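*Asks:* So the protein sequences, as listed, match chains C and S.
So the first sequence is numbered by the working numbering: it starts at 1 and just counts up by one.
So the second sequence is numbered by the working numbering: it starts at 488 and just counts up by one.
Simulated from the structure, these hints should not be mistaken for laboratory data.
Don't take every hint at face value.
[Unchecked claim] Not the full set, but computed from the structure, chain C residues with beta-carbon under 8 angstroms of chain S:
| no. | residue |
| --- | --- |
| 1 | G41 |
| 2 | F42 |
| 3 | I57 |
| 4 | I130 |
| 5 | L131 |
| 6 | V137 |
| 7 | G142 |
| 8 | K143 |
| 9 | K162 |
| 10 | V164 |
| 11 | V167 |
| 12 | F199 |
| 13 | K284 |
| 14 | V286 |
| 15 | W288 |
Remember, predicted model here, so these are calculated numbers, not experimental data.
Positions of the beta carbon are idealized from the N, C-alpha and C atoms, including for glycine.
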Amino acid sequence: MSREILIDPITRLEGHGRIHIFLDDGGGVDRAYLQVPELRGFEKFAQGRRAEDMPQITSRICGVCPMAHHMAAAKALDDLYQVDPPPAGRKIRELLYSAFMVEDHALHFFFLGGPDFIVGPDAPRQQRNILGVVDAVGLEVGKEVIGVRKQLRDLVAAVAGKAVHPVFGLPGGVSRSLSSDVRQQAAAAAARAIEFSQFALGAFRTIVLGNPGYVDLVTSEAYTHRTYYMGLVDAANKVTFYDGTLRVVGPSGKELLRFAGQDYLSHIAEHVEPWTYMKFCFLKDVGWNGFADGAGSGVYSVAPLARLNAADGMATPRAQEAYEEFVTTLGPKPVHHTLANHWARIIELMYAAERMAELAADPEITDPQVRTLPTAAPREGIGVVEAPRGTLFHHYQTDEHGLITAANMIVATQNNAARIALSVDKAAHALIRNGHVDDALLNQVEMAFRAYDPCFGCSTHSLPGHMPLIVDVRDPGGALLSEIRRD
Amino acid sequence: MRTLVLGLGNEYAGDDAVGVLAVRALRGALAGMADVVESAASGLALIEVFTGYERAVIVDSIRTGRSPAGTIIEPGLGELGRATAPSLHQAGIPELAAVARRLGMGFPDRTRVLAVEVTGPLTFGAPVSEPVAAAVVPLGRRILDQVRLWASEDSGDGLPERPERGRQ
Numbered sequence: 001m002s003r004e005i006l007i008d009p010i011t012r013l014e015g016h017g018r019i020h021i022f023l024d025d026g027g028g029v030d031r032a033y034l035q036v037p038e039l040r041g042f043e044k045f046a047q048g049r050r051a052e053d054m055p056q057i058t059s060r061i062c063g064v065c066p067m068a069h070h071m072a073a074a075k076a077l078d079d080l081y082q083v084d085p086p087p088a089g090r091k092i093r094e095l096l097y098s099a100f101m102v103e104d105h106a107l108h109f110f111f112l113g114g115p116d117f118i119v120g121p122d123a124p125r126q127q128r129n130i131l132g133v134v135d136a137v138g139l140e141v142g143k144e145v146i147g148v149r150k151q152l153r154d155l156v157a158a159v160a161g162k163a164v165h166p167v168f169g170l171p172g173g174v175s176r177s178l179s180s181d182v183r184q185q186a187a188a189a190a191a192r193a194i195e196f197s198q199f200a201l202g203a204f205r206t207i208v209l210g211n212p213g214y215v216d217l218v219t220s221e222a223y224t225h226r227t228y229y230m231g232l233v234d235a236a237n238k239v240t241f242y243d244g245t246l247r248v249v250g251p252s253g254k255e256l257l258r259f260a261g262q263d264y265l266s267h268i269a270e271h272v273e274p275w276t277y278m279k280f281c282f283l284k285d286v287g288w289n290g291f292a293d294g295a296g297s298g299v300y301s302v303a304p305l306a307r308l309n310a311a312d313g314m315a316t317p318r319a320q321e322a323y324e325e326f327v328t329t330l331g332p333k334p335v336h337h338t339l340a341n342h343w344a345r346i347i348e349l350m351y352a353a354e355r356m357a358e359l360a361a362d363p364e365i366t367d368p369q370v371r372t373l374p375t376a377a378p379r380e381g382i383g384v385v386e387a388p389r390g391t392l393f394h395h396y397q398t399d400e401h402g403l404i405t406a407a408n409m410i411v412a413t414q415n416n417a418a419r420i421a422l423s424v425d426k427a428a429h430a431l432i433r434n435g436h437v438d439d440a441l442l443n444q445v446e447m448a449f450r451a452y453d454p455c456f457g458c459s460t461h462s463l464p465g466h467m468p469l470i471v472d473v474r475d476p477g478g479a480l481l482s483e484i485r486r487d
Numbered sequence: 488m489r490t491l492v493l494g495l496g497n498e499y500a501g502d503d504a505v506g507v508l509a510v511r512a513l514r515g516a517l518a519g520m521a522d523v524v525e526s527a528a529s530g531l532a533l534i535e536v537f538t539g540y541e542r543a544v545i546v547d548s549i550r551t552g553r554s555p556a557g558t559i560i561e562p563g564l565g566e567l568g569r570a571t572a573p574s575l576h577q578a579g580i581p582e583l584a585a586v587a588r589r590l591g592m593g594f595p596d597r598t599r600v601l602a603v604e605v606t607g608p609l610t611f612g613a614p615v616s617e618p619v620a621a622a623v624v625p626l627g628r629r630i631l632d633q634v635r636l637w638a639s640e641d642s643g644d645g646l647p648e649r650p651e652r653g654r655q
């Protein structure tokens, strides 16, 4: 009989986002896994609704990345009605999407990665939180994170109607054109975002790369998995967020696949385990061979590190420069170190800021023609974007009136689930001996978590309980042996 | 003095909608006294919402497992505890308050949290359960009482008008 250890970030939605670690009779680890929250029932809920309502409805699915869902849905509608947005419509979408990526990446690099790198992995636990980060970087930087973010949100509100839940994506384009005033607003926001990204890259260089201990930590075996990587790329194989072709590279860096989002079902399948309701995405072309890394396992990863691995570079100059430094320091590619996600994130931050600036400088973006009216009868549509945490798929089928008959979504965290399970399992195996579990396990699991930034945002938003993390150690009879709480 | 009434929740996910539904019903009644905001946002994404307000009522669902569904709970900010969950998506209101104040963004000095205990499945498209739906009216009354009390302080009238029972 096995024992179970449970690490549970308790929110008001109990039962979600748990880590289970099963011990064998010898006190070693049998298996460990992450149970990712899943907002069930979406498929059924969507049935019978108007397809054009999906951008609004799905932007409320997630309290963290509403813009990603809004945009994936709008792109699925383009596909559904077989209509391409005119250049200005497409550019306005990408401008706002880039603004959203800047906003999200900036916030997460500082406040999410901050506890591990800016405050430091060895800092006292009481300081390893957001306030500790603010103290470490200084008030001015903290204010700048918020200031940049506010400027971007004002821009999004000016273009998309609302800052949080946008209402501008329509099949074939967007609901209104960009005025030259708003274009200037976008250019100013982009300039500030570039400056801020430059600062973030500099801070990373000083704080992390200047500290051999941190570099050792990033490259340590504990946080390394040699898996496949997936991300959207442009025609030159550069990272792209809004549109492109999906590219998959293997653990050796060799390209395995290049495919259009519309073909995702030919390449991605979901594996089911009897011990969890969760489904683990894997590459059909390789096959499911258990929770393992290596070329023979279909486990793959998405998110910033995976995107940099799946691409051959960045499409903008400063981001490309940062990318080259990244590859020189941690390469050769692919970089398999999970914690390198934090660095990849700020390289992407720079790309998103530079891409915003390019789009804002493009005179065509103020063209009044922002929508192509759909005329085709709808049947099926698939939309793909790179959300901050990785590839996001929306897939709808409708009747001839555009009412949804079937809907499917794969969110970033589902794509990453199997690799996250590998990380949890590795931490557990490395740190649990003879049934002894201590704080080091929590630290390691937390750090891996933060790097992936698995999204528990699908309907959780506030009012957390008192004990975000619990490790529960029980003997084979179910009696509680010990409990570690983190609150 | 500005007052915010913030309803949190995903209106498509069963009982999670209660905060949003409660404040939505009060939009008319609160006009001129408070700004009503509905949001499905989470964690730090909410940080700007509070800027510029001296007072706030936050309305949400909660799952403590210690009360029957529909019970209205009033946890103080301190009682909600400090969250250091591995993902900042779970940053809670106390963290938002601390960060906003530290950064000089301002956070309402007076904050009241009203939360409704939920037990039903938070499945997409699920209806709001009966006991939770029944809490919407008393919840609205409490929100209204609080906002009126604050408004009366501003106008210097002393004690507020006693809310009429049986009326929304």
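*Asks:* Can we keep the V286(C) interface hint, with Cβ of chain S closer than 8 angstroms?
*Replies:* Check failed: Cβ of V286(C) comes no nearer than 29 angstroms to chain S, outside 8 angstroms.
*Asks:* Could you check if I57(C) really has its C-beta closer than 8 angstroms to a C-beta on chain S?
*Replies:* Holds, because the Cβ-Cβ distance from I57(C) to chain S comes to roughly 7 angstroms (cut-off 8 angstroms).
*Asks:* Against chain S, run the beta carbon of L131(C) and see if the smallest gap drops under 8 angstroms.
*Replies:* Constraint on L131(C) satisfied, holds at 6 angstroms.
*Asks:* Does V137(C) meet its interface restraint, that is, does its C-beta lie within less than 8 angstroms of any C-beta in chain S?
*Replies:* Interface hint status for V137(C): violated (11 angstroms vs cutoff 8 angstroms).
*Asks:* Given K284(C) was flagged as interface, is its beta-carbon under 8 angstroms from a beta-carbon of chain S?
*Replies:* Hint violated; K284(C) Cβ to chain S Cβ min 27 angstroms, cut 8 angstroms.
*Asks:* Let me know if the C-beta of F199(C) comes in closer than 8 angstroms to any C-beta of chain S, holds or violated.
*Replies:* Violated, because the Cβ-Cβ distance from F199(C) to chain S comes to roughly 16 angstroms (cut-off 8 angstroms).
*Asks:* Double-check G142(C) for me: the hint is only fine if its C-beta lies closer than 8 angstroms to a C-beta in chain S.
*Replies:* holds, 5 angstroms
*Asks:* Is the hint on V164(C) kept, meaning its closest Cβ partner in chain S is under 8 angstroms away?
*Replies:* holds, 5 angstroms
*Asks:* I130(C) was flagged as interface toward chain S. Is the shortest Cβ-Cβ separation under 8 angstroms?
*Replies:* holds, 5 angstroms
*Asks:* Please check whether K162(C) passes as an interface residue: C-beta within 8 angstroms of a C-beta belonging to chain S.
*Replies:* violated, 10 angstroms
*Asks:* Would you check whether V167(C) satisfies its interface hint, that is, whether its CB is within less than 8 angstroms of any CB in chain S?
*Replies:* violated, 14 angstroms
*Asks:* Under 8 angstroms is the threshold here; is the Cβ of K143(C) close enough to any Cβ of chain S for the hint to stand?
*Replies:* holds, 5 angstroms
Checked against the numbered hints above, the structure breaks hints 6, 9, 11, 12, 13, 14, 15 and satisfies the rest.
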